[in-house]
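Residue numbers (my numbering), protein chains in the order written: chain V, 1 to 299; chain F, 1 to 130; chain L, 1 to 238.
A few of these clues could be false.
Claimed, not checked - Derived list of chain V stretches under chain F, where covered just means 3 residues or more per stretch with a C-beta under 8 angstroms from a C-beta of chain F:
(1) 32 to 40
(2) 138 to 145
(3) 282 to 288
Claimed, not checked - Taking lysine to aspartate or glutamate and the EDC-like style, the derived pairs with C-alpha atoms no more than 16 angstroms apart in a straight line are:
(4) LYS57/V with ASP237/L
(5) LYS295/V with GLU249/V
(6) LYS55/F with ASP220/V
(7) LYS55/F with ASP32/V
(8) LYS297/V with GLU249/V
(9) LYS55/F with GLU249/V
(10) LYS6/F with ASP219/V
(11) LYS126/L with GLU35/L
Stated by the list, open to error - If you anchor each label on the Cβ, the simulated ranges turn out as follows:
(12) THR284/V with PHE2/F: 25 to 33 angstroms
(13) SER15/V with SER115/L: 51 to 59 angstroms
(14) ALA216/V with ALA78/L: 37 to 45 angstroms
(15) TYR187/L with SER15/V: 42 to 50 angstroms
(16) ARG13/L with ASP115/V: 34 to 42 angstroms
(17) ALA216/V with GLY38/F: 23 to 31 angstroms
(18) TYR187/L with LEU110/V: 25 to 33 angstroms
(19) PHE2/F with ARG13/L: 52 to 60 angstroms
(20) ILE210/L with TYR95/V: 36 to 44 angstroms
(21) ARG236/L with ASP24/V: 41 to 49 angstroms
(22) ASP24/V with GLU161/L: 35 to 43 angstroms
(23) GLY38/F with ALA114/V: 20 to 28 angstroms
Just so you know, the hints here were simulated from the structure itself, not pulled from any lab data. All values reported here derive from a predicted model rather than from experimental measurement. Built from N, CA and C at the ideal position, the CB exists for glycine as well.
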Amino acid sequence: MTNAPVIETNGLGKSYGKTNAVRDLDLTVGPDRITAFLGLNGAGKSTTIRMLLGMVKPSGGSGAVLGKSIGDPAAGLDVRRQVAYVSEDKRLYAYMTVEQMIRFTSSFYLDWRADVVKTLLKQYDLPPGQKIRSLSKGMRTKVALLLAFARRPELLILDEPSEGLDPVGIEDLLQALVAQCAEGTTVFFSSHQIAEVERVADQVCILHHGRLVLDASVDDIRQSYRQIDIVFPSLPAELQVQFQLAGVENIRTRGHQMNVFASRNADAVVERARDLHASSIEVTPVGLRDIFLQKVKEN
Amino acid sequence: MFFRLKPSAGQPLYLQLMEQIRHAIENGALQDGAQLPGIRTLAEELLVSPNTVAKAYSELEHAGVLELRHGSGAFVSVSRRARALTDRVRAAEKRVSNLIEELRAEGLRDEEICRLFEAGLVQQSEAVRK
Amino acid sequence: MLWYKSWLETRSRFMISLLGSVALCSFYVYHWDKEAMPYTKPEYYYYGLHGGHSLLCVLWVLTVTLLTMGGLLRERAAGTAPFTLALPVSRMRLMATRVSVGVLQAMALVIFPWSAMFLIGGLTGKTHSMYQAFFHIVLLAGGGIVFFGVAFLISSLVEGEYTAPIVSFGILLVVGVVLGNGSLRGYSPWDFIAGADYFDRTTGLLIGPIPWMHIVVSILLGALFVAISAKAIQTRDF
Chain V
1 MTNAPVIETN
11 GLGKSYGKTN
21 AVRDLDLTVG
31 PDRITAFLGL
41 NGAGKSTTIR
51 MLLGMVKPSG
61 GSGAVLGKSI
71 GDPAAGLDVR
81 RQVAYVSEDK
91 RLYAYMTVEQ
101 MIRFTSSFYL
111 DWRADVVKTL
121 LKQYDLPPGQ
131 KIRSLSKGMR
141 TKVALLLAFA
151 RRPELLILDE
161 PSEGLDPVGI
171 EDLLQALVAQ
181 CAEGTTVFFS
191 SHQIAEVERV
201 ADQVCILHHG
211 RLVLDASVDD
221 IRQSYRQIDI
231 VFPSLPAELQ
241 VQFQLAGVEN
251 IRTRGHQMNV
261 FASRNADAVV
271 ERARDLHASS
281 IEVTPVGLRD
291 IFLQKVKEN
Chain F
1 MFFRLKPSAG
11 QPLYLQLMEQ
21 IRHAIENGAL
31 QDGAQLPGIR
41 TLAEELLVSP
51 NTVAKAYSEL
61 EHAGVLELRH
71 GSGAFVSVSR
81 RARALTDRVR
91 AAEKRVSNLI
101 EELRAEGLRD
111 EEICRLFEAG
121 LVQQSEAVRK
Chain L
1 MLWYKSWLET
11 RSRFMISLLG
21 SVALCSFYVY
31 HWDKEAMPYT
41 KPEYYYYGLH
51 GGHSLLCVLW
61 VLTVTLLTMG
71 GLLRERAAGT
81 APFTLALPVS
91 RMRLMATRVS
101 VGVLQAMALV
111 IFPWSAMFLI
121 GGLTGKTHSM
131 YQAFFHIVLL
141 AGGGIVFFGV
151 AFLISSLVEG
161 EYTAPIVSFG
171 ILLVVGVVLG
181 NGSLRGYSPW
191 DFIAGADYFD
201 RTTGLLIGPI
211 PWMHIVVSIL
221 LGALFVAISA
231 KAIQTRDF
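Pulled out of the complex, with its shape left as it was, chain V reads as follows:
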């Protein structure tokens, strides 16, 4: 088992006319991990995924999936054999029944597992004989997920998988992602559901305006990101300058209160506050939601 990245891009970019959907992206997704891809709507997540799968031609840069260049259509075929993908829309052929979709899809993959299909059909409560066009959105989503989870691919890519699912469906989804990872599949998914990402992801990448603004392990984030709330009885001179320490991302002041948002080095901030005779210093951990909002508001 090598540690070669499963997905790797180098300066990958895509522009539509004057708009840059993706800019200079250097993304690395490691094997046997669950990596989450966060970003606002229109940040370029779907475009990036489509470039990785050969559906969209990059305007610049290069990329490789499972070691094979995304610019090579012949290699792309090999890659798609080992990759399971669930698109944002999760639309399937309206004229086929659930059973026909399963039969159709299974014919293309060697890693198909019929026993898992049986289990999931029961678990998701899906009617095999019903046409896709007559299913509700939630059920359609489940069929799309089933078609991916019934396989044992090297890489599983999901674009907003929890959209259209109720809370039970989301629990089932997370359980399936965990199961896939446990069986040796690398999971790469984009999401808006920060709570779910925070729970299940090993690594998180934040995309903003087509650029990667954060790429870190979730555990590292937990350990080093801190909010420090400080109260000064009398505000020191040039407060903002005094706290321009390494790792400080944002400083807000209101009257005698000060809030410091630090990606690391919280201890140094606390020390500086003590040196400046702060009357109260409170250090609290920062959740992924706040980090995400901080990163996307920076621009």
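Since the structure of chain V is already known, use the hints to place chains F and L on it.
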């Protein structure tokens, strides 16, 4: 035992899990030699990445708290406790022999020393019962 | 399984087209023959079959154009393009399947209705020789390939679920009108498939050797349009 992990607590999940496993062993929820759930099973139950569980188990194995048997799973380390026990007994043995030497040097005979120990133990257990 | 998908996708359209064509053409010939008197000359019956053939030509172009509705562009409008494109098959293979199924269906839409007309003609009146039937069939099946090519190309260039066939009809209509008059008459594909250039009014039969060169040109044009479609789909971003 039921583990509860808090993703927003500012502490890596694998550390939280390690603490909770240690706690479970200490308060008896997990007995010596008991088997913990498999990595995949626990990960699916807690809805966290299998890497989190794997790291927690691996770190605890390093610390001697768990024993990871290839193919069977993770078990609470018995030998750790057993070894600790024999260590204590051995240490006690040394202290007893030191005390016996001291008493002999003061002129006491072996039968008297033996009677003193027996009486002392009986007294102790009576005190405990009271 | 791609053939299976193409079949399921076009099944209802195909069956309706097939049954509709068979029914309409059979009825045409039946009705024509019914009008005949016992002493009517055989040419009358031959006119019936030729008329039925003209009807079939119109029906054929309509139904074949409708059947070419599909492909990745249509899937993009329907939202299933990401799923199809994620399959481990090349875009060329997807297109090749669609072309094959389409051509087979188009051929069936010539052979079955013609067989029905021939049978009905035989029962209710008189039929001309197998050679004549063959002549007619080859004109439509071979000469019609160019229509298939145009419709296929449009389905690979025009987005939307139902827009492509409408644009195709429009183009074919314009072609028919422009080439229908005067000096360009010889190039009109509509006239060619109906056999207008070879029809003898006195005998009611198609005269002359079968124009294989014209048919080959039509097939080559159709193939050219399909090749252009292939390039268009290959380079498109989805």
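Each hint, compared with the structure:
1. 32 to 40: With 3 residues closer than 8 angstroms to chain F, the region 32 to 40 of chain V meets the three-residue bar; holds.
2. 138 to 145: violated (count 0)
3. 282 to 288: The restraint on the region 282 to 288 of chain V holds, since 5 of its residues have a Cβ under 8 angstroms from chain F and three suffice.
4. LYS57/V with ASP237/L: The given pair, whose Cα atoms are some 6 angstroms apart, holds under the 16 angstroms limit.
5. LYS295/V with GLU249/V: Holds, at roughly 9 angstroms.
6. LYS55/F with ASP220/V: 14 angstroms, holds
7. LYS55/F with ASP32/V: Holds - the C-alpha atoms of ASP32/V and LYS55/F are around 13 angstroms apart, at most 16 angstroms.
8. LYS297/V with GLU249/V: Holds - the C-alpha atoms of GLU249/V and LYS297/V are around 12 angstroms apart, at most 16 angstroms.
9. LYS55/F with GLU249/V: 30 angstroms, violated
10. LYS6/F with ASP219/V: It holds: about 12 angstroms lies between the C-alpha atoms, which stays within 16 angstroms.
11. LYS126/L with GLU35/L: 13 angstroms, holds
12. THR284/V with PHE2/F: 25 to 33 angstroms: 26 angstroms, holds
13. SER15/V with SER115/L: 51 to 59 angstroms: For SER115/L against SER15/V, whose Cβ atoms are near 57 angstroms apart, the range 51 to 59 angstroms holds.
14. ALA216/V with ALA78/L: 37 to 45 angstroms: At 39 angstroms between Cβs, range holds.
15. TYR187/L with SER15/V: 42 to 50 angstroms: 44 angstroms, holds
16. ARG13/L with ASP115/V: 34 to 42 angstroms: 37 angstroms, holds
17. ALA216/V with GLY38/F: 23 to 31 angstroms: Hint holds: Cβ distance 29 angstroms, inside 23 to 31 angstroms.
18. TYR187/L with LEU110/V: 25 to 33 angstroms: 52 angstroms, violated
19. PHE2/F with ARG13/L: 52 to 60 angstroms: 58 angstroms, holds
20. ILE210/L with TYR95/V: 36 to 44 angstroms: 39 angstroms, holds
21. ARG236/L with ASP24/V: 41 to 49 angstroms: For ASP24/V against ARG236/L, whose Cβ atoms are near 25 angstroms apart, the range 41 to 49 angstroms is violated.
22. ASP24/V with GLU161/L: 35 to 43 angstroms: Once the Cβ atoms are compared, 37 angstroms apart, the range 35 to 43 angstroms for GLU161/L and ASP24/V holds.
23. GLY38/F with ALA114/V: 20 to 28 angstroms: Given about 24 angstroms between the Cβ atoms, the range holds.
The structure does not agree with the numbered hints 2, 9, 18, 21 stated previously, though it agrees with the rest.
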